[in-house]
Amino acid sequence: MLNTASTADPALAKAFHIATDQASTAIRKWTGGSVALSLDEVHEVPIEEAIASIQLDDEPLSIIVLQIAGEYSGDMMLAFAESDANSLVEDLASSVRGADLSEEWKQSALMESGNILASAYLNALTDLVEEPLFPTPPHLIQDYGVSVFEQLLMQHAMFSDKIFLTCTTFRRNETDVLNGNLFFIPGEQLRSLMVDRLPS
Amino acid sequence: MSTTVEVELKAIQVGMGELKIGQHPEQLAAVLGSCIGVAVTHPRHNVGLMAHVMLPTASGRDGPLGKFADTAVAGMLSLLREHGYATRGLTAKIAGGSNMFGSAGPMQIGQANVEAVHVELKKHGIPIMGEDVGGSAGRRVRLNCETGILTISRIGAGDLTL
Numbered sequence: 001m002l003n004t005a006s007t008a009d010p011a012l013a014k015a016f017h018i019a020t021d022q023a024s025t026a027i028r029k030w031t032g033g034s035v036a037l038s039l040d041e042v043h044e045v046p047i048e049e050a051i052a053s054i055q056l057d058d059e060p061l062s063i064i065v066l067q068i069a070g071e072y073s074g075d076m077m078l079a080f081a082e083s084d085a086n087s088l089v090e091d092l093a094s095s096v097r098g099a100d101l102s103e104e105w106k107q108s109a110l111m112e113s114g115n116i117l118a119s120a121y122l123n124a125l126t127d128l129v130e131e132p133l134f135p136t137p138p139h140l141i142q143d144y145g146v147s148v149f150e151q152l153l154m155q156h157a158m159f160s161d162k163i164f165l166t167c168t169t170f171r172r173n174e175t176d177v178l179n180g181n182l183f184f185i186p187g188e189q190l191r192s193l194m195v196d197r198l199p200s
Numbered sequence: 201m202s203t204t205v206e207v208e209l210k211a212i213q214v215g216m217g218e219l220k221i222g223q224h225p226e227q228l229a230a231v232l233g234s235c236i237g238v239a240v241t242h243p244r245h246n247v248g249l250m251a252h253v254m255l256p257t258a259s260g261r262d263g264p265l266g267k268f269a270d271t272a273v274a275g276m277l278s279l280l281r282e283h284g285y286a287t288r289g290l291t292a293k294i295a296g297g298s299n300m301f302g303s304a305g306p307m308q309i310g311q312a313n314v315e316a317v318h319v320e321l322k323k324h325g326i327p328i329m330g331e332d333v334g335g336s337a338g339r340r341v342r343l344n345c346e347t348g349i350l351t352i353s354r355i356g357a358g359d360l361t362l
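Protein sequences, first through last, are from chains A and B. Residue 122 in our numbering sits at position 122 of the first sequence; the count goes up by one each step and never skips. Each position in the second sequence, counted from 1, maps to that position plus 200 in our numbering.
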């Protein structure tokens with residue numbers, strides 16, 4: 001169930017719902033229908049409480065990081081437990097001729113998944129705010145999820161004491177929860193733009 | 201005949217911006233990226249403190265004491281005094297300050313944090329006995345409050361002890 005208890009503006013939650021739906025459609029198509037997304041949390045929290053507010057293992061994870069390129073800033077992070085990253089890659093391999101499941105192929109598949117998902121997500125937001133939003137090339141990291149998320153937070157901590165955060169869960173066949181999450185942190189400028197442009 | 205009794209250490213997590221004190225058999229733990237884990241111990245008292253520093257300076261901003269380097273070290277000394285400990289003879293070890301996205305990343309906050317923590321510890325006369333900072337990997341750190349040993353784990357590398 002979507003938790004928007006601390007959301008400043010319900011219109012923002014609705015916008016992120018639309019973006020998640022569009023990203024879900026894209027990732028479902030990319031994985032041959034096996035994987036979808038659901039938006040769980042849209043909230044504003046003090047930066048130092050952000051990690052405690054999300055469910056992120058402090059175990060090693062496969063993480064794809066993308067940012068919004070251009071005038072408006074924002075950070076996106078996809079995090080998968082190793083076994084679920086492998087499972088996602090195997091799903092993709094089954095529908096791609098010539099897939100060899102090498103480490104190089106796996107990394108490439110994960111980064112492309114991030115790129116497809118982020119592009120669809122930002123396309124939806126672009127339509128809503130009528131400003132072009134597109135992602136930087138994906139960056140794949142295998143490390144502690146908390147450490148990587150902390151670095152994303154630091155980019156916002158320089159300028160603000162609070163962040164706006166959306167948390168999305170990956171699901172297989174609509175019901176089974178994968179140990180994978182998508183986090184999106186819009187920068188202050190983008191958030192202001194959304195508040196201005198979205199109908200309340 | 202002597203027997204050795206192994207005491208299970210109780211881990212206390214130190215989250216972003218937090219500052220905590222622990223006593224044997226407790227250990228203070230944190231997972232770090234660009235933040236700095238500042239571990240301070242008193243060799244005679246089996247007491248340890250850890251701050252999870254996020255930014256170099258408060259510059260008038262509000263926040264928990266452990267959030268900024270310039271409030272964290274002073275905050276640690278105040279906490280020690282509140283618990284009745286002397287603040288002389290303290291030593292420090294630090295870890296963290298990574299740049300997880302490589303040198304081309306958008307912000308090099310990790311290095312600025314390292315430098316600010318160095319300045320603050322020196323200002324308060326606390327020598328740094330060991331450090332593991334920088335690089336591009338995350339770290340999981342644990343401070344044994346009895347021995348003062350700081351254990352640092354990184355993905356794909358063995359544990360490092362300071």
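What the hints contain is simulated information worked out from the structure, not anything from laboratory work. None of the values given here were measured: they were computed from a predicted structure. Take these hints with a grain of salt, some might be off.
[Stated by the list, open to error] With a straight-line cut-off of 20 Å between C-alpha atoms, the simulated EDC-like cross-links for lysine to aspartate or glutamate are: (1) B:K210 / A:E59; (2) A:K14 / A:D127; (3) A:K162 / B:D332; (4) B:K210 / A:D58.
Each hint, compared with the structure:
1. Between B:K210 and A:E59 the alpha-carbon distance is near 19 Å, which keeps this suggested pair within the 20 Å criterion.
2. Distance hint between A:K14 and A:D127 is fulfilled; the C-alpha atoms sit about 13 Å from each other, no more than 20 Å.
3. The suggested pairing of A:K162 with B:D332 is violated, with an alpha-carbon distance near 29 Å, which exceeds 20 Å.
4. Between the alpha carbons of B:K210 and A:D58 the distance comes to roughly 17 Å, so the proposed pair stays at or under 20 Å and holds.
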